[in-house]
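Protein chains in written order, with my numbering: chain A, 1 to 340; chain B, 1 to 295; chain C, 1 to 359.
Simulated from the structure, these hints should not be mistaken for laboratory data.
One or more hints might be untrue.
What the hints assert, rightly or not - Quick list of simulated restraints, FRET-style, between CB atoms:
1. B/Ile211 - A/Tyr120: 19 to 25 Å
2. C/Thr40 - B/Pro42: 34 to 40 Å
3. A/Glu157 - C/Glu227: 56 to 62 Å
What the hints assert, rightly or not - Sample of chain A residues with no beta-carbon within 12 Å of chain C, all distances over it, derived:
4. Ser68
5. Met91
6. Asp131
7. Glu164
8. Asp217
9. Asp262
10. Glu317
Here the structure is a predicted model, which is why all the values come from computation and not from measurement.
Every residue gets a Cβ at the ideal spot worked out from N, C-alpha and C, and that includes glycine.
One-letter residues, chain by chain:
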Amino acid sequence: MSLLVTLAERIEQERGGPAFPLLDVRGLKKHFVSSSVFKWKQRSVLRAVDGVDFKLEAGKTLGLVGESGCGKTTTGRMLLRLEEPTDGAIMIDGQDIQQLGGKQLKLYRRRVQMIFQDPYMSLDPRLSIRDSVSEPMDVQGVGTRKDRRDRVSWLLERVGLSAEMGSRLPSQLSGGQRQRVGVARALALNPSIIVADEPTSALDVSVRAQVINLLKDIQTDMNLSYVFISHDLSTVRHISDDIAVMYLGKIVERGKAEDLFDHPMHPYTQALLSAVPVPDPVKEAQREVHLLEGELPSPSNPPSGCRFRTRCPLAIEQCAAEEPLLSVRDDGRYVACHRV
Amino acid sequence: MSVVSTPANLRIPASLPLPDFSGLRRLMGHQRSLIGLAIVLPIVVIALAGPYLPIADPLETNPTVSLQGPSLDHPLGTDKIGRDVLSRIIAGARTSLFVGFSVATIAVGAGIVLGTLSGFLSKWVDTAVMSVVDVFLAFPGLLLAIAMVAVFGAGTWQVILAIAISDIPRAIRLQRSMVLGLKTRPFIDAARMAHAPSWWILVRHVVPSTIAPMLVVASIYAANAILVEASLSFLGLGITPPEPSWGNLIKDGQQYLQTGWWISTFPGIAILIISIGLHLVSDGIRERLDPMMRS
Amino acid sequence: MAILHRNPANYRPASDELRSSSSRTGALLSVRDLETRFFTKTGTVAAVNGVSFDLAHGERMAIVGESGSGKSVMSMSLIGLVSHPGKVTNGDVMLNGRSLIDMTATELNKIRGKEVAMVFQDPMTSLNPVIRVEDQMVAPMMRHLGLTHHEARERAVLLLTQVGIPDPEKRLRSYPHELSGGMRQRVLIAIALSCKPDLILADEPTTALDVTIQAQIVALLKDLAEETGAAVLFVTHDLGLVARFAQKVAVMYAGKFVEYGPIREVFANPQHPYTRGLLSSIPSIDGEKVERLVQIEGSPPDLRNLPPGCPFMPRCPEATSLCASALPDLTERGRDHVAACFMTDPTNAKRGEPVGNAG
Numbered sequence: 001m002s003l004l005v006t007l008a009e010r011i012e013q014e015r016g017g018p019a020f021p022l023l024d025v026r027g028l029k030k031h032f033v034s035s036s037v038f039k040w041k042q043r044s045v046l047r048a049v050d051g052v053d054f055k056l057e058a059g060k061t062l063g064l065v066g067e068s069g070c071g072k073t074t075t076g077r078m079l080l081r082l083e084e085p086t087d088g089a090i091m092i093d094g095q096d097i098q099q100l101g102g103k104q105l106k107l108y109r110r111r112v113q114m115i116f117q118d119p120y121m122s123l124d125p126r127l128s129i130r131d132s133v134s135e136p137m138d139v140q141g142v143g144t145r146k147d148r149r150d151r152v153s154w155l156l157e158r159v160g161l162s163a164e165m166g167s168r169l170p171s172q173l174s175g176g177q178r179q180r181v182g183v184a185r186a187l188a189l190n191p192s193i194i195v196a197d198e199p200t201s202a203l204d205v206s207v208r209a210q211v212i213n214l215l216k217d218i219q220t221d222m223n224l225s226y227v228f229i230s231h232d233l234s235t236v237r238h239i240s241d242d243i244a245v246m247y248l249g250k251i252v253e254r255g256k257a258e259d260l261f262d263h264p265m266h267p268y269t270q271a272l273l274s275a276v277p278v279p280d281p282v283k284e285a286q287r288e289v290h291l292l293e294g295e296l297p298s299p300s301n302p303p304s305g306c307r308f309r310t311r312c313p314l315a316i317e318q319c320a321a322e323e324p325l326l327s328v329r330d331d332g333r334y335v336a337c338h339r340v
Numbered sequence: 001m002s003v004v005s006t007p008a009n010l011r012i013p014a015s016l017p018l019p020d021f022s023g024l025r026r027l028m029g030h031q032r033s034l035i036g037l038a039i040v041l042p043i044v045v046i047a048l049a050g051p052y053l054p055i056a057d058p059l060e061t062n063p064t065v066s067l068q069g070p071s072l073d074h075p076l077g078t079d080k081i082g083r084d085v086l087s088r089i090i091a092g093a094r095t096s097l098f099v100g101f102s103v104a105t106i107a108v109g110a111g112i113v114l115g116t117l118s119g120f121l122s123k124w125v126d127t128a129v130m131s132v133v134d135v136f137l138a139f140p141g142l143l144l145a146i147a148m149v150a151v152f153g154a155g156t157w158q159v160i161l162a163i164a165i166s167d168i169p170r171a172i173r174l175q176r177s178m179v180l181g182l183k184t185r186p187f188i189d190a191a192r193m194a195h196a197p198s199w200w201i202l203v204r205h206v207v208p209s210t211i212a213p214m215l216v217v218a219s220i221y222a223a224n225a226i227l228v229e230a231s232l233s234f235l236g237l238g239i240t241p242p243e244p245s246w247g248n249l250i251k252d253g254q255q256y257l258q259t260g261w262w263i264s265t266f267p268g269i270a271i272l273i274i275s276i277g278l279h280l281v282s283d284g285i286r287e288r289l290d291p292m293m294r295s
Numbered sequence: 001m002a003i004l005h006r007n008p009a010n011y012r013p014a015s016d017e018l019r020s021s022s023s024r025t026g027a028l029l030s031v032r033d034l035e036t037r038f039f040t041k042t043g044t045v046a047a048v049n050g051v052s053f054d055l056a057h058g059e060r061m062a063i064v065g066e067s068g069s070g071k072s073v074m075s076m077s078l079i080g081l082v083s084h085p086g087k088v089t090n091g092d093v094m095l096n097g098r099s100l101i102d103m104t105a106t107e108l109n110k111i112r113g114k115e116v117a118m119v120f121q122d123p124m125t126s127l128n129p130v131i132r133v134e135d136q137m138v139a140p141m142m143r144h145l146g147l148t149h150h151e152a153r154e155r156a157v158l159l160l161t162q163v164g165i166p167d168p169e170k171r172l173r174s175y176p177h178e179l180s181g182g183m184r185q186r187v188l189i190a191i192a193l194s195c196k197p198d199l200i201l202a203d204e205p206t207t208a209l210d211v212t213i214q215a216q217i218v219a220l221l222k223d224l225a226e227e228t229g230a231a232v233l234f235v236t237h238d239l240g241l242v243a244r245f246a247q248k249v250a251v252m253y254a255g256k257f258v259e260y261g262p263i264r265e266v267f268a269n270p271q272h273p274y275t276r277g278l279l280s281s282i283p284s285i286d287g288e289k290v291e292r293l294v295q296i297e298g299s300p301p302d303l304r305n306l307p308p309g310c311p312f313m314p315r316c317p318e319a320t321s322l323c324a325s326a327l328p329d330l331t332e333r334g335r336d337h338v339a340a341c342f343m344t345d346p347t348n349a350k351r352g353e354p355v356g357n358a359g
C-alpha cells in the first residue's frame with residue numbers, strides 16, 4: 001500500500017541515511033553502586049559491564065553470548081538507553097547517542113528497538129494486540145490513526161499472524177504467537193537495529209524454530225542488524241555473523257561466528273562449547289567434554305587480573321597479577337588471554 | 001485388583017469433585033458480587049428516597065406511642081419519645097452511608113495518587129511519603145479517630161476525615177506495592193524504548209492495572225468506616241443528635257435494652273447487613289479479578 | 001534393557017501376572033496404562049493418558065516433552081505426588097515387585113526418599129529456605145536408615161564431598177540462599193543419594209542452571225548413578241541432554257508416549273513425525289550449518305480441546321484423514337523401538353486423504 005510505503009519512507013528520511021559501521025561501541029561500562037542513606041556504610045560496586053567494545057555493520061548479526069552475570073543483558077539495555085552507561089561511547093552512524101537529548105533522542109529511538117525474552121510479561125495484558133503493536137507509533141505520533149491501523153495489520157501479517165488477531169488480548173495467544181507480536185511491535189518504527197534479548201529461551205522447543213526463521217526472513221527483507229543476546233549457543237551459531245563471548249562484564253573472545261565455533265581459542269569459549277550437549281548420541285559418546293571447575297565468582301567481587309583465572313585450566317601467576325586485554329590474532333579474532 | 005479406578009490411598013480427603021459442591025462453589029464465586037449488590041443497592045436507594053417514602057417523619061415525636069414494640073403502624077417500634085424507629089433508621093442510613101462512601105472515596109483517591117507517585121518516582125519521594133505513612137500506621141485506627149475528633153470537634157466532615165486518616169496510609173501502601181511490581185515488567189520497558197514519557201506509562205499501563213484491586217479495598221474501607229462511625233457516635237464523639245446516625249440510634253436505646261430492645265437492636269442489624277453486603281461486593285470483585293491477574 | 005511387551009497401550013494384566021512378569025524381566029519399575037486426570041472448573045484434562053514402560057536396575061531413561069506433554073505430571077504420579085484437582089485414575093506402578101498404587105500414604109512416605117529419590121527443577125523451592133542444609137540432609141537419613149544424628153552428619157559430609165562441594169563442613173551450616181544455584185542442586189543430589197535409592201526421579205534438574213554448571217551436574221549425576229547402581233528417570237525438554245545422559249528415551253506428546261526406544265535408534269532413525277520435527281528444528285553447535293531450520297507449525301496442544309484421532313495431527317506434515325479419525329498405537333519399528341504413527345508404520349496398509357499441513 002502506498003500509504004505504508006510513504007510512512008516508512010518518511011520515518012527513514014527523518015532519521016537520516018545509512019553510514020558505516022552502523023553501530024560502534026567503545027569502552028562501554030555500567031557500574032551499579034549500592035546506595036545507602038547512611039554515608040559511612042560501605043558501598044559495594046557491581047561492575048556489570050566493564051569495558052566492552054564491538055562493532056556491528058548494516059544487515060549483520062552480532063551474537064552476544066555468556067552465562068548469568070556476564071553483563072550481556074545490561075549491554076543490550078544500554079543500547080536502547082534503558083540504562084545509562086557509566087562510561088564509554090555508543091556510536092550510531094558516527095554519532096554518540098549519549099549526547100542525544102529531547103527530540104534527537106526521540107528520533108534515535110526509532111532506529112533501535114528491542115525484542116524481550118518473556119512473551120508473557122512483555123505485553124500489557126490489558127491492551128489488545130493492536131494497541132500493543134501500535135504503541136510505539138502512538139507515542140511518537142507517527143502518521144494518522146488510519147495509517148497506523150493499516151500498518152499494524154501489515155505488521156501482524158508480516159510476522160505470520162492474521163490481521164484479525166489485532167483485536168485479541170495477549171492471554172488468548174500462545175507463547176509463540178505472543179513473541180511474534182513482540183517482533184511486530186519492534187518493527188513498528190522501521191528500525192535499523194534490533195536488540196533481541198533471549199527471544200526464544202522462554203518458548204517451547206518446537207516453536208523456537210518458527211521465531212528464529214522469522215527473524216532471519218525479516219532481516220534480509222528489511223536490511224536489519226541484530227544484536228542477538230543469548231546463552232543458547234546453538235541458536236546463536238545459526239543466526240550470527242559475528243560472536244562476542246562475555247564473562248563477568250568483559251568480552252573474552254570476539255570474531256566471526258563460523259571461525260569461533262570451529263576453533264575457539266579462549267579457554268572459556270572452549271569450555272562453553274564443550275558444555276553444550278549435542279542431540280546426537282554417537283557424537284556425544286565420542287566427545288571430550290572439558291568440565292569447568294568451581295562456580296561463577298560474584299560479579300561484585302571479581303577475581304583480580306583475569307576474571308576467568310579461578311576456573312581456568314591454563315591459569316598461571318601472571319593471570320592473577322595482570323588483566324589480559326583483548327588483542328587481535330589471525331583472521332580478525334580477538335582474544336583476551338595471556339596463555340593463548 | 002491392579003487396575004483400579006480411584007486408588008484409595010491417593011485420594012485426598014474432602015476434595016472429591018462431587019458435582020454438588022463444585023456447583024455451589026461456582027455459584028458463590030460468580031454471584032458473590034451480585035448478592036452483595038443486591039443487599040447494598042436497595043439500602044442505598046431506600047436511604048436516598050427516605051424523605052419521599054410514605055413513612056413517619058423521623059423527627060416527629062409522639063409521646064402517646066412511646067416505647068411500643070414492632071407493630072403494623074410502626075414496623076420496627078418506637079422510642080421513648082414516640083419517634084418511629086424505622087424512619088429513623090432510614091434517615092440514619094443516609095448519614096452512615098454518606099460517611100462510608102466518602103471515606104472510601106477519599107482514601108482510595110489519595111491512595112492512588114500518592115501511592116503511584118511514591119512507587120514510581122525517585123527514591124527520595126518514596127522515602128518521604130513512606131515515612132509519613134509509617135507514622136500514621138503506628139496508631140490504632142479508632143484511637144486516632146477519637147483524637148482527631150477531640151481536636152477538631154464532632155460533625156459529619158470531621159468524622160469522615162478522622163476515619164479516612166487511618167485508611168489513606170494503607171491505601172497508599174497497597175498502591176505503591178502494586179506500582180513497584182508493575183514498574184519492572186518488560187512491557188513498561190517496551191513503552192520506554194518507544195520514548196514514552198512517564199505520564200504516558202502511568203496513565204496507560206500502570207494505573208489502569210491497579211484500579212480493580214483498589215475497588216476491592218474500597219468496599220472494605222466503606223464497611224469499616226460505617227462501623228467506626230457507629231462506634232464514634234455511640235461514644236458521643238461522632239454525629240451528634242438530632243441528626244440521626246446508626247451509632248447514635250444505638251446509643252439512644254442503650255438505657256432501654258430491657259424495655260425497648262428494638263431501639264438499639266434494629267440499627268445494629270442494619271450495620272451488620274450493610275457490612276456483609278459490602279464485603280460480599282469486595283469478595284466478588286476479587287473473584288473476578290483472580291483469573292485475570294493470574295494470566 | 002528391559003523388554004517391552006508388544007502393544008503396551010492395550011495391555012491390561014492382572015496384578016499377579018504383572019508381578020511375575022516384572023520379576024521375570026528383572027525390571028525395577030514397571031508402569032502400565034498410567035492415567036492421571038485433572039478435574040478443573042473448565043473441564044477434565046487427561047495429563048497422562050495411558051503410559052506404559054519398564055525401567056531396569058541401573059538404567060538411565062529420559063522422558064522428553066514440552067508444555068502439555070504430561071512428563072512432569074507423570075513422574076509425580078509414579079510416587080503419589082499428584083494433588084487436587086489431579087488424581088491417578090487408572091493404571092499400575094510396580095516398584096521392586098510391589099504396587100505403588102495400592103499403597104497407603106504412610107507406606108508411600110517410607111518409599112519416597114528411601115527407594116525412590118527426587119531431584120526437582122528449582123532447588124530454591126525444593127530446599128527449605130529457613131532450615132540449614134545440615135538439618136535437611138540429616139533428617140531423612142535418620143528416618144530411613146535409622147542412623148543417629150552424629151552418624152548421619154558424618155555421612156552428610158561424605159556425600160557433599162562426593163557431589164563435589166568444597167569445604168563441606170562449612171557448607172552444612174549454611175542456609176540454602178547462601179549457596180549458588182549449582183551448589184544447591186548438588187546438595188539436592190546429595191540428599192537424593194543419601195538413603196541409597198534404587199531409583200532417582202530427576203525432573204528438569206538443570207533447566208535453571210548456566211550451561212557450564214549444567215554440564216557439571218549432568219556429568220555428576222551420571223557418574224553417581226553408575227557408581228551406586230541407581231536407575232534414573234530424567235525428565236527434560238532438551239534433546240542434547242538426552243543424547244549425553246540417557247540410555248533410552250521416550251518422547252511424550254499430549255499425555256502419551258509417541259516414540260520409545262534406545263537413544264541411538266531413536267536419534268538415528270526417528271519414526272514419529274514429532275520426533276523428526278524436533279530433531280530437525282534444533283540448530284546444532286557443530287556439523288553442517290543449515291540455511292533455514294525445519295519448523296514445526298502450530299503450538300503444543302491444549303489438553304482440554306484435543307482433536308479426535310492423533311493429537312499431533314494438526315501440526316503433522318504427514319497427516320491424512322486417517323489420522324484425524326483414529327488413534328495410532330505404539331508399534332514395533334526396530335529392536336525395542338516403538339512409535340505411534342500410521343503414516344510411518346511400514347506394516348500399515350491403510351492410508352487416507354492427505355491433509356495439507358505445511359512442512
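Evaluation of the provided hints:
1. At about 22 Å, the CB distance of isoleucine 211 of chain B to tyrosine 120 of chain A agrees with the hint of 19 to 25 Å.
2. For threonine 40 of chain C and proline 42 of chain B, the hinted distance range of 34 to 40 Å is satisfied, since their beta carbons lie about 36 Å from each other.
3. Here the CB-CB span from glutamate 157 of chain A to glutamate 227 of chain C is close to 57 Å, well matched to the stated 56 to 62 Å.
4. At roughly 5 Å, the least C-beta separation between serine 68 of chain A and chain C is not larger than 12 Å, which violates its mark as non-interface.
5. The beta carbon of methionine 91 of chain A is kept farther than 12 Å from every beta carbon of chain C, the shortest such distance being approximately 31 Å.
6. The claim that aspartate 131 of chain A lies off the interface holds: its Cβ sits roughly 23 Å from the closest Cβ of chain C, which is beyond the 12 Å cut-off.
7. Non-interface call for glutamate 164 of chain A relative to chain C: holds, since the shortest CB-CB distance, roughly 18 Å, exceeds 12 Å.
8. Against the 12 Å criterion, aspartate 217 of chain A falls within the reach of chain C, whose nearest CB is about 9 Å from its own CB.
9. Remark: the non-interface label on aspartate 262 of chain A conflicts with the geometry, its nearest Cβ contact in chain C lying 8 Å away (cut-off 12 Å).
10. Interface exclusion of glutamate 317 of chain A from chain C stands, the closest Cβ pair being 22 Å apart, more than 12 Å.
Violated hints, in rising order: 4, 8, 9; the structure is consistent with all others.
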